[in-house]
Every structure is written in C-alpha cells, then in structure tokens.
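Go by the hints and put chain W onto chain L.
Heads up: the protein sequence lines correspond to chains L and W, in order.
Take 1 as the starting number for the first sequence in the UniProt record's numbering and just add one per residue.
Take 1 as the starting number for the second sequence in the UniProt record's numbering and just add one per residue.
Fair warning: there could be bad hints in the mix.
[Said to hold, decoys possible] Below 30 Å or equal to it, Euclidean Cα-Cα: the simulated BS3-like pairs (lysine-lysine) are:
hint, chain 1, residue 1, chain 2, residue 2
1, L, LYS7, W, LYS228
2, L, LYS357, W, LYS286
3, L, LYS420, W, LYS41
4, W, LYS41, L, LYS357
5, W, LYS357, L, LYS41
6, L, LYS7, W, LYS7
7, W, LYS7, L, LYS41
8, W, LYS228, L, LYS45
9, W, LYS315, W, LYS357
10, W, LYS228, L, LYS164
11, W, LYS7, L, LYS183
12, W, LYS41, L, LYS184
13, L, LYS45, W, LYS164
14, L, LYS184, W, LYS7
15, W, LYS7, L, LYS357
16, L, LYS164, W, LYS45
Please keep in mind that the hints were generated in silico from the structure rather than gathered at the bench.
Number of protein chains: 2
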Amino acid sequence: MSEERDKVELEEGTLLTAISENNMDQFREIFLEQHPYDQAKFFVKLEGHDRLIVYHFLSPEEMAAVFENIEDEDDQYETYLSEMDPTFAAQMLAQMYADDAVDVLNELDKDQVANYLTIMEDGAAEEIRELLHYEEYTAGSIMTTEYIAIHANQTVHSAMQILKNEAPNAETIYYVFVIDEDKKLVGVISLRDLIINEPDTMISEIMNERVYSVTVAVDQEEVARKMKDYNFLALPVVDFRDHLLGIITVDDIVDVIDEEASEDYSRLAAVSDVDSQDRGPFSAAKSRLPWLIILLFLGMFTASLIGRFEETLDKVAMLAVFIPLIAGMAGNTGTQALAVAVRRISVGDTQDQTLGKLIIREAGTGVITGTICGIVVTLVVFIWQGDIFLGTLVGISILATLIVATIAGAFIPLIMHRLKVDPAVASGPFITTINDILSILIYFGLATLFMQYLI
Amino acid sequence: MSEERDKVELEEGTLLTAISENNMDQFREIFLEQHPYDQAKFFVKLEGHDRLIVYHFLSPEEMAAVFENIEDEDDQYETYLSEMDPTFAAQMLAQMYADDAVDVLNELDKDQVANYLTIMEDGAAEEIRELLHYEEYTAGSIMTTEYIAIHANQTVHSAMQILKNEAPNAETIYYVFVIDEDKKLVGVISLRDLIINEPDTMISEIMNERVYSVTVAVDQEEVARKMKDYNFLALPVVDFRDHLLGIITVDDIVDVIDEEASEDYSRLAAVSDVDSQDRGPFSAAKSRLPWLIILLFLGMFTASLIGRFEETLDKVAMLAVFIPLIAGMAGNTGTQALAVAVRRISVGDTQDQTLGKLIIREAGTGVITGTICGIVVTLVVFIWQGDIFLGTLVGISILATLIVATIAGAFIPLIMHRLKVDPAVASGPFITTINDILSILIYFGLATLFMQYLI
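This is chain L alone, in the form it adopts within the complex (with noise of 0.2 Å):
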C-alpha cells in the first residue's frame, strides 16, 4: 500500500508541472490511472486558477467520480461548484451516485439547489429531487436508487442480461433486489448465487424471500447496526407499504459508524464532533464556550454550596485541603459509569430488564471500589495528618462519594434515554459537575455534623 502512495506522491509533481503547462494530455495519462480517492485529494489541495484549468481537462462524468471521493472535512462544495459553468457542474451532478450528489447539494441554498436541477436532464433531476426529501441521518438521507431490480419470473439469464447493461450505472451490482407488479419488495438474490446457478433456473426458485430492509425513516445508526451484524453489502430501503425505494451500501455504513463513534466520543469531552475539524482557534472556542460556560455557571452553584459551609471551614481549614480529591474521584467513578451506560445503550441494548441491571451492577461496582479507595484514603491521612478522625471523615466520604457517583454517573443517561434525549449529550464534565456537587453535599455534610470531632 504505501508503495502506490508513493507513486502518488512522486505523481503530483508531474500533474502540478502538465496543470500549469495546460498540458491536457499528459494530465489525464497519469490523472485518470489514479484511484478516485487520491485524485479527490489531490484535488482539494489545487489552489483556485489550477482547478479551473483541471473542470476544462476533465469531463463531467470524470469529475463526478473526484467529486464522489472529496471527504465532508476537505468540503468546499459551495467555491467549486460556483468556478464551473453551471451546465457542466449540472451534467457533473447528474453523473454522480444521486446520494452523493444529494450530500453536494444539501451544502448549498435551495435557490442554487433550484437553478442546477433545471439545467439537469429530467431523469436524474428527478432522482435528486426525490432524495432531497429526506431527514438527515435517516435511511432515506443516505440511500441511493442506483439499484438493480428483476421480477421473479425470470430466468438467471435474463437477469444477467440487465445486470450487465445496469452494470455501469448501479452502486452495486452484487446484490439484485426482486420485486412484483406493484414494485413490493419480495425477494433479493445474490451475484454469487446468480453465477452459481444454470442459465436457465427461475429466479423464484433461487431467491431468497427473508428479505430484510428498513424503512426510510429509521435512524442512520439503526441501520448501520443491523449492517454490521448482519454483514449485509447492501439493505434495501421500502415505505411504510414495502414498496422498494433505494439502496443503502456498505461503504456509506462504514462511515456512518465511524462518524456515529466519533460523535460520542466527541460529547463524551463537550466538544461538537465540528471542532475535530481544522478550524482556527476563533471557531473552536466559539464551539466549546457554551458548554464551558454552563460548566462555569455549574461551578459558582458548588462554590455558592461551599460558601454555606463558610463556619465548618472556618473552624477547620484542613478540610478544604481534601475538596479536588473527594470532587475529583466522584467526577472520575461517574465519568466510567456513564461511558460504560452510555456505550451500552449505543450498542442498542435498551430492553428494560438490561438497564435495570446494569443500575444494578453499577451500585455493586460503587461499594466494592468506595470501600477500597476509602480504606486506602483512610490509612493515608491517617498517616499523614496524624489524625485518625480525619481519615475517616474523609475515608467515608470516598466510599459515600463513589457509591452515589457511580450511581449517578449510570442513572442520568438511563433517563435521558428513557425521556428520548441523545444521553451521549450528557457529557462527562456535565456529570462530573453534577458529582462535584453531590461530593461536596456528602464531604461537607458530614463534617458539619461530626465538628466536634474535628477540632
């Protein structure tokens, strides 16, 4: 692998050389040689006058294939299409897979949206415009109709024979999807069993008729999961009445679960998924001030709760001492629990008796760790301070701490779940501050009530 990413990076320099000779010829020798991907991204790379000469070196359907490959980060949909003439980015949108020019076009305002599906030939306007319907990051949004659809009363045969003139056209040819007279989805066979079978065989003896498929309003990560465990290369989508309206591929799957991870992972540390992206520092803080100023506002409450206990400390300053310790494990027990609540809910475990289990599982896990860090906690500051009465103070604290911690940490994402909020939004610092708030309510409730022993 990396020996033809070499190659392709020793052949940038002979494209950027035949660009800005406008040498069309030896351009497309070694241009049209490379892999969609590595011409999209080298490509985005061009600056603006060196992409103008590649739209006049290129046909529209050889763009189409570059356009299909750009990546959402690198996308500036919007510039490119506005360099091109409008009839050749309407014949380039029209060549594209419809789901991918439907991704291009939901970056623009409908206006422009209008303008290029009139110039667009009817068929593929039509097309387009019946996708552009769809909810984001539904079934719908990420279908395309380039499928391959037979009727049951044909021969293997005969379905080679469409397979071979849809070829060129499908997204996929390897699985052929069958339907009857009302376009119902009833059957898909497979290439594989399609080569396997004598010419002559009906296709309705070979099909198979456990079809599964999903609705086009499903969530994309519905289908995503049932893509991988199912390992299906391609999952027809039907209405609510199964009539079969497109096709969802694998390799859109592939980055429905990576951008699905990457968008918990993101709320996980309260930063938008936008952010990862190279963005300067201005955009960057202007997406993760708001949730650091909830936080702050967060804060002032367990200052203000502190502040209540203003004669507690007072009397015994040695007790602030242990506030980060008590507020930070609590933070770091409830930050586990949610990501383990959080991820077993992703994976779609969410029957009822599972949750209740792992509330369950998740108070067990609170007492076995808070005994242990508590006792360990004890000992030290008994060691260190000298004062036996202090460990305990704090010893007991931890163990209470990590018990309604963890608790809570498992807890909050239950109910978010249950109330149907994404719990992935409800993000670590959020329950490490809700956590801070009961530690110190437990820290310093306890030390009120036991001052006597204190001083």
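Showing chain W alone in chain L's frame:
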C-alpha cells in the same frame, strides 16, 4: 426489517418446542431458513442441554455458519467446543472461514488447538496453522486465505469458470486477484468488470495493475482507514516481497472500526473496553480500580499541595469555596483539548506541521475561552461577594488555568504519540487530575502573592 425481526422472534418458541420434542425435521425447516446472525443469537441463548441437541440436529457445515456469527461479547467458544464430539468440532472448524476459525482457536489453550488441528483434514489445518502465527491486531490476524486468484494470461471466460467453481468456498467473489508464476500480486479485477467485458477478452487487458495492498504486519487500524477512504470491499495482504498471502474483507473492517472507536471512547473515560460487556460488579470494579487508585494518589498529591497553603487558607477560608470551580474548569477544558488531539492523531493527521499548528490553535483557543470565562467569573463573584479583589483573583486564575489546561490537554497526547505510546491511554480523568494540580498551584500561588489585598 422490524418485520423480519418479529418473525424471527415468533419462530423462537417453535424452535424451542422442536428441541424439547426432539423434532429434528421441524427444527431444521425453520432454523435453516434464518439468517446465520439470527441463528447465532438464538444459539447463544440456549441452555447447555438444549445445545447438545442442536449439535445433533445440524451438520458441521451448518454449525460453522452459526459459529461465524457469534459476537465476541457472547463468546463461550471453549464451553461450546468441549460439549461437541471432537471430530464434529474439528470438522466444523475446518468448514468455517479460516479467519473466523482462528478467532475461535485463539480463545483455547495450545494443547486444545493442537488436538483439533490433528483431527482436522490436512488442507484446512494447514491454512489455519498459517494464520495462527500472526500477531493480534495486525492485517495478518484478520485476513482470510479463502480468496480467488487467477493468472493474467487467462480469458474472462476461463476466469468466470474458476470463479464459479470456487464461489462456494471463497469469502468474497467480488474481487479476483491476479498473480504471476511466483504468486506475486500483479493486478486486481472486479466481478463487475468480468461481467461487463466480452468472454474472450484477456485478463491482462482489463485488469487494474495499480492494486492497493497491505503488508501482513501492518496495524489493523491502518487497514481500516484505507478501506474506508478507498471504499474497498476487499484488500489483498502481501508479504514484504509482494507475494499474495490473503485478503481482508469489508465486514471484518466494519468490526475493527467499531472496536477501535469504542476503545478510544472507553479510554477517554478510563474504563477498559471489557467493562462495557455484561460482567458482574466484581469484574467491573476490578477493571476500574487500578485507574481509580492511581487517580486517588494523584488526588492526594493535589491535597498535599493545598496543605502547603494552609496558612493562606487559615487567613482567608473563603478561598476554599472556589477550589472546585477552578479545578473543574481546568479539567473540562483539558478534556476538550485532549479529545480533539486524540481524534486528530487517530485519523492519521500526524505530520509535525499539523501537530504544531494544533498546539498553537489550542493555545489561541485557551486565551479566548479563558478571557471570556475570566470576565464572567470576575463579575459574578463581585456581584455575589461584593469583593472586587476576590473576583479579580478568581477571574485571573480562571484565565491562566484555562490557557495552561488547554495546552496541557493537547500537548500530553502529542508527546505520548511521539514516544510511541498510544495517546488514547492518556484518559480524561488522568488529564483532569494533572490539570487539577496545575490549577491549584496557579490559584493559591496568586492568592498567597497578593494576600495583603484579600484580608
């Protein structure tokens, strides 16, 4: 889809009855119609005595399909295999795709593996033995040897004949790899191309000579990234002299992406990945305690730091009130910066220049968020406590803390990456605790320095 799932759930009852009545025909009629993933889900829920009956109902080949679809978290391979007749078990392992069989055998001890390989038919044993050599998490460990290879001097027609013969055993037939007499990889051709071209076309004319491959020892994460970027359905694996050894298929890569993302996620929260699975509180506590104990001692260190400022604290007990706020904000911004840096590294943006830019960007972000949060805090504390100096002290501490914590959050994972340590092990709680310490030093340092204004 839900329809299919509903049907599968309905069938469960009938299958259980068939088992209890020892009705093999009824069981097979329903069970063999199901998708292997559903079969596996049903199988792992069975009690031991019911499983024994299932082994008698199914052929080794049918059982192999079930085994291939058992998910890692449900694995009790050792138990299952020990329940089977050894010859049946060996036959089943031989029927499985070699990469899946190796996954199962990796759970057993060496003696057991040797036993099964001895009973097994030679060809299959040889294949498995080869794959067992490769280290975990490398391309070699997830590849399979069941690919289809042809020579360049064949025609499309003869290639299709080979494909038809090998289709039942190959893990994918959608890519055919072209090798020379030395078994060196020289090209690739997709089934799509074979179908589109005329039967008498030579493979050498239509094959793609720019074939991307990976070497056996490459990390599986790198393989996953390439397959995702290039949308490959399969990727050939070669040795360092370009001999074709096996292929990796997209379904295995989907699992890798999911695992790696979930690993990063778990580490951010300082839980081991095992923990998200269904284990009891003792094993959960056991996996979390090491982290908690380390964090506990770091927390004790923080406490001892505050202890050094006991004199300052004794004079102005009010200072203690803001400890959790300042330490908390440091932890939050640090975690944000950490998540961004880890994510950046894990998507492979690891050129020095990019990472240098990241640090500068994070510093800028820290200055902006610090300034805004600092001003907000100063105002709130002034209004609340009526003490402009205390407000300014807390505000400046927040400013300094946010800058330092943001840089630390980004810098520590980068240093770890440079030292070839996986930066994801610098979990959120670890960074949080480091930042607790830095923030306490800043806050109490400033307070002690300007003590005269506070009293």
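Status of each hint after checking the structure:
For the hint linking LYS7/L to LYS228/W, the alpha-carbon distance of about 20 Å falls within 30 Å, and the restraint holds. A threshold of 30 Å between alpha carbons decides the hint, and for LYS357/L with LYS286/W the separation of about 18 Å falls inside it, so the pair holds. Pair hint LYS420/L plus LYS41/W holds up; C-alpha atoms about 27 Å apart against a cutoff of 30 Å. Simply put, LYS41/W and LYS357/L have alpha-carbon atoms about 20 Å apart, close enough for the 30 Å limit, and the pair holds.
The straight-line distance between the Cα atoms of LYS357/W and LYS41/L is roughly 20 Å, inside the 30 Å bound, and the hint therefore holds. A hinted pair counts as satisfied when its Cα atoms are at most 30 Å apart, and LYS7/L with LYS7/W does not qualify at roughly 52 Å. This hinted pair does not check out: LYS7/W and LYS41/L have alpha carbons roughly 46 Å apart, beyond 30 Å. A threshold of 30 Å between alpha carbons decides the hint, and for LYS228/W with LYS45/L the separation of about 20 Å falls inside it, so the pair holds.
A C-alpha spacing of about 44 Å is found between LYS315/W and LYS357/W, which places the hinted pair above 30 Å, so the restraint is violated. With a CA separation close to 27 Å, the supplied pair LYS228/W and LYS164/L stays within the 30 Å bound. With a C-alpha separation of about 22 Å, the suggested pairing of LYS7/W with LYS183/L holds against the 30 Å cut-off. The suggested pairing of LYS41/W with LYS184/L holds, with an alpha-carbon distance near 29 Å, which does not exceed 30 Å.
For the hint pairing LYS45/L with LYS164/W, the CA-to-CA distance comes to about 44 Å; that exceeds 30 Å, so the pair is violated. Taking the CA atoms of LYS184/L and LYS7/W, the gap is near 19 Å; set against the 30 Å cutoff, the hint holds. In summary, the hint linking LYS7/W to LYS357/L is supported, as the alpha carbons are separated by about 27 Å, within the 30 Å threshold. About 44 Å separates the Cα atoms of LYS164/L and LYS45/W, which puts this hinted pair outside 30 Å; it is violated.
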